[in-house]
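Undergrad: For the sequence shown, position 236 matches number 236 in our numbering, and the numbering has no gaps at all.
Distance condition first, Cα-Cα at most 16 Å in a straight line; then the derived EDC-like pairs of lysine to aspartate or glutamate:
hint: 1; residue 1: Lys281; residue 2: Asp164
hint: 2; residue 1: Lys100; residue 2: Glu27
hint: 3; residue 1: Lys45; residue 2: Asp63
hint: 4; residue 1: Lys289; residue 2: Asp317
hint: 5; residue 1: Lys9; residue 2: Glu385
hint: 6; residue 1: Lys276; residue 2: Glu298
hint: 7; residue 1: Lys14; residue 2: Asp368
Read the hints as simulated data drawn from the structure, not as lab findings.
Fair warning: this is a prediction, and the values are worked out from it, not measured in the lab.
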Amino acid sequence: MSEVIKIKKGRDIKLKGTAEKIFIRTEPSEYYGVKPTDFHGLVPKLLVKPGQEVKAGTPLFFDKNRPEILFTSPVNGVIKAVNRGERRRILEVIIKKTGKEIEYEKFTAGNPLGMDRKEIIANLLKSGLWPTIKQRPYDIIANPGDSPKSIFISAFDKAPLAPDYDFVVKDFRIEFQTGIDALSQLTNGEIHLNINSEYPASPVFTHAKKVTINKFLGPHPSGNAGIQIHHIDPVNKGEVVWVINPQDVITIGRLFMHGIYDASKIIALTGSEILKPRYYKIIGGRSIKDIVDGNVTEGCHRYISGNVLTGTKIAADGFVGYYDAQVTVIPEGFHHKFLGWASVGFKKYSFSRTFWSWLAFGNEYRIDTNLNGGKRAFVMTGQYEKVFPMNIFPVQLIKSILIEDIDLMEKLGIYEVSPEDFALCEFTCTSKTDVQAIVRKGLDLMIKEMS
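Could you put together the complete structure from these sequences and hints?
TA: Structure below.
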């Protein structure tokens, strides 16, 4: 019986709009988007142009700095547009789907346990599935040339309104195990599969072979891979650990079982402004237009690919992010609240118990995008330490990044962290500091200095 690792620091933020455990099988969207902005540090070079026909698995662009890493189309169709931003930066490659059935490019199929490491990596690179594997340090796409000391898979997510992975993966036991078999050939270390000890995990996880199962107990961010790595196999200078999501393990399994890039996945449509929050079976990168039309309340909304703490703002007809298994819709916060912090606030969420609402145990809240105050000087409040469950000094690390002290950043644990690990610090920050952006800046600086 594995030992339960208890996480005491953190906070579960209970919001309205949890997805009901019902699968909705949707018709394919007309448009799909692959966004280079989903992959931090990527310098994309296009391989297609508008009007060109593609299949599921056809390369769309590659990384200029690592040309072997390809990014492929999730569906067959025609390249509708390549949207660009400032300095002609590529923001989206949009595919208009054609035909009812999906046409696939063919890749290598077979038992991954009968393949060597080079064959498996080549198959993942060619199919466009390599970007599913990220690395610590730096929280970027893994380097195919590295040999990780371990691989981490978090089988649960404690972020606000996050999908239940035990429910999501329940029909994919064979695919998940095949994906694990492929990953087991990529490291000489352990594959750590981490489950939530609060309730029995899915047999897909508990019966998996070639993994070490670890149990975690505690509030968000106990489901973050970075927190789990810190407590099981910390990353020191010169070491590399790889991280992958359970649904991406299933996608890798399909690749080796059928020789195709099947981008199907399940997302949770969540948030207080969704009339019927449920789970949807989709193809990755689809437009959310068809699943939100007629399913939102009246008013002005913020559409987020991901959760409210770390997700990305998208349009009402925007595309699901590459790594996201959740779409959240909350109110925009354009209005001013009468009396502000001086109000009674029976329905207002408060981490610091400023409002009476903290007495109502189990309340679910309707939170909007208001900052609830202006940005101000970085003040010491002790709030970060209450929600940051690593043996690291978060405020001192943030300050070392701001002054760009490389040596101090190393000593304070920059190699172990990713921006999402600081999401709760940002949420509770009295100064309204963009903590995640600062951490990302620090990681980018380390990449530059160490390259």
